[in-house]
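K.L.:
Heads up: the protein sequence lines correspond to chains A and B, in order.
Be aware that the first sequence starts at 1, since it is given in UniProt numbering, and climbs by one per residue.
Be aware that the second sequence starts at 1, since it is given in UniProt numbering, and climbs by one per residue.
By construction, these hints were calculated from the structure, which means they are not laboratory data.
Source: prediction; values computed, not measured.
Don't be surprised by glycine CBs; every beta carbon is placed ideally from N, CA and C.
Among the hints, a few may not be true.
Unchecked claim - Stretch-level coverage of chain A by chain B, calculated; a stretch enters the list once three of its residues show a Cβ under 8 Å from a Cβ in chain B:
#, region
1, 71-78
2, 149-157
3, 178-189
Claimed, not checked - Derived DSS-like pairs (lysine-lysine); straight-line CA-CA distance at most 25 Å:
#, chain 1, residue 1, chain 2, residue 2
4, A, LYS269, B, LYS291
5, A, LYS304, B, LYS291
6, B, LYS340, B, LYS212
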Amino acid sequence: MHKRLVNHCTIALKLIPDGPILIKSGREGADPTKPQMEFVETYHHGKRSIYLPGSSLKGAIRAHAERIVRTVGRDKRPTNPKLLWANDPLTDDYKYLENKSPSEIYQLSSFTDRIFGNTSIASRLRIEDAYPSSDRPLKLEERNGVAIDRVFGSVAVGPFDYQVCTEGEFITKIHLKNFTLSQLGLIGLVLRDLDDGWFGIGFAKSRGLGTVNVQLESGVVQYPGCILNDGQIQALGSEKTWDITTLLGAGAFLSEDECRKYDFIIDDKEDTPVAAQNMDLGLGVYLLWQGEKQVKDLFTRGVKAWKRHYFEGVAA
Amino acid sequence: MTNNRPIPPRKPTPPQPINEPVTQNSFKPYKLIPLSNKTPQRKHPVGQDRYKSQLLSGKLCLKLTVKTSTFVASGVVVMGSDLSSRTKNIPLVKVAVGKDEKLIIPGSSLKGVIRSTYEAITLSCLCKTKANREAIPNGYKECNDKQKLCPACQVFGAMGWQGLISFNDAIADEIKPSIGFMPSLHNPRPKRDGYYLNGKVAGRKFYYHAIKPVDKGQQQGIPVQQAGNELTFSTQLQFMNLTKAELGTLLIVLGQDKNNNFALKVGGGKPIGMGTMIVELTKIERCNDLKNRYLDYCYSENDFLAGDKLKQYIQELIQASHNEKLVQIDALKELKEIWKYPTTREAPQDMY
Ligand SMILES: [Zn+2]
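Looking at chain A on its own, in the form it has when it is part of the complex (with noise of 0.2 Å):
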């Protein structure tokens, strides 16, 4: 199924540095004029400029969503794959997915790997490189750091200094394709969590760096080969429709059998407030949730199924 788009969907959003922040770049010290450690830089719109790579971004939305799923779940791989786990990717050897087939090492790899990717599935999260926004003008500027010895009371280590950023917003948006309900209910939970400082991004987080607030814009659903007809969403190709105000996961949009050898959530819905439109083009329908509550009320509805599919493979 992993060839047929079924759905995606786009969260914007901004983060905006609550505290400073500071993601380093490689090259330490190779200027005397700089800070020892200084924010990475990129080119963007013709110019220099820090910006928040969306690789780190995702390494730090995937340790934490990694420590959602083992909070409520597990840490080990359960004989029933219904169960929620999350294994550690940095020690998984993924033995188990040797010789096997797509739908058996989809069915095997953890919750989370079905989101973030291993050794044999690809990643269906995706986080652009976020930029500064013009609206809000960013501040950087150098801290320096020293640790007292504790037994003379003098400078022991240090002083080194660093670039950070104090003041700003970057724009940014996150990817899902392909997704189930429960999916986008934990990385909703993942943001929340980064908002309401649980954790940070970048260097240093336990000396008071990396605390940024979360800014939802908006979120976008796509159905890329569904239509509108009569009132109603509906698949080609199949016999399938919904009432226009449907949040469709994955599974949604496959026989049984299918989500059965994927383990995918059979019928993977849940009602929405907004309804579906048509896609410029024509063909494909979207849903758009727009603001900060909205959003919220999008992640609502995925944590619901988040929480059906934790009590489901309890009870299983």
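Use these hints to put chain B with the ligand onto chain A, whose structure you have.
P.N.:
Frame of chain A, contents of chain B with the ligand only:
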């Protein structure tokens, strides 16, 4: 006031009976908290891979009040005229860390003082020192195996281990400009005998509080942008997977034990009486029901403890710290003696 005036070091010290408060060290603005005869017990840290329901995760909301002027250097020196119209007649000013016009105590500075205090009152390794390796008492070498960590390294982190608490910048609650004076301080002399006992490091250095910092007087020095008296700062401290005893010990360090309350010393100018801050714990946010937190988008079960309930909980945690003997009573006594506040001590006019 005069009975506690420090004795000038050049005068010969009259013989003092043991246990007299005026001893060889008492005219120095600091004291060493001795290392215990027991050695640090190391164990595997608890892990950050999940929130554990039998352990504590949440936030502490803290309010810090400046009692003697506090200065955390940003490393920047500017001309007074560039800072504000009030300072236009001062040629050069050392600038404190700030945001907009508000002063900041960086999370890294808070972590430094809180960590080093936690180390001193628990059986923890002697980290971050330039003392010779041979001078480090047995078992006190800085932890270097992330599988086996001393009590402080488990909570605050070590090489390859992130630790269980994270600090945020503390931001001043109001814009309150204040220019102070920082004398040139001598570097400590690590060769001094007082730092050693039988060839081994004698303890960890802590500075006393003073009624007020030394005046400009005849001293050489530079004006600094400081946090003045009674300025308050607010911050939050995030914790995950702490035991009751660990959180209780942290609260003792923050001066929340009513039997052992004291003020912290933050930033520069410690020898001359700067940097005294008292901490108020205004609120604890606890996550009691992790399942609920991670199965509902809009959870409502987090506990916000304040007022009497908070006081009760603080005592419960501190009791746990004593029951599990995580806090070392002797070291805590020493710390209380050094950091008790208010104080009647005066800052020494001689520089150390
Ligand atoms: Zn240690």
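K.L.:
Are LYS304(A) and LYS291(B) close enough, with their CA atoms no more than 25 Å apart?
P.N.:
With a Cα-Cα distance of about 13 Å, the restraint between LYS304(A) and LYS291(B) holds, given a limit of 25 Å.
K.L.:
Holds or violated: LYS269(A) with LYS291(B), Cα cutoff 25 Å?
P.N.:
23 Å, holds
K.L.:
Confirm or reject the coverage of the region 178-189 of chain A by chain B under the rule of 3 or more residues with a beta carbon closer than 8 Å to the chain's beta carbons.
P.N.:
Per the Cβ count (3), the hint holds.
K.L.:
Take the C-alpha atoms of LYS340(B) and LYS212(B), compute the straight-line distance between them, and say whether it is at most 25 Å.
P.N.:
14 Å, holds
K.L.:
According to a criterion of three or more residues whose C-beta lies within less than 8 Å of a C-beta of chain B, is the region 149-157 of chain A covered?
P.N.:
holds (count 8)
K.L.:
Tell me if chain B covers the region 71-78 of chain A under the three-residue, 8 Å CB rule, please?
P.N.:
holds (count 3)
The earlier numbered hints are all upheld by this structure, with none contradicted.
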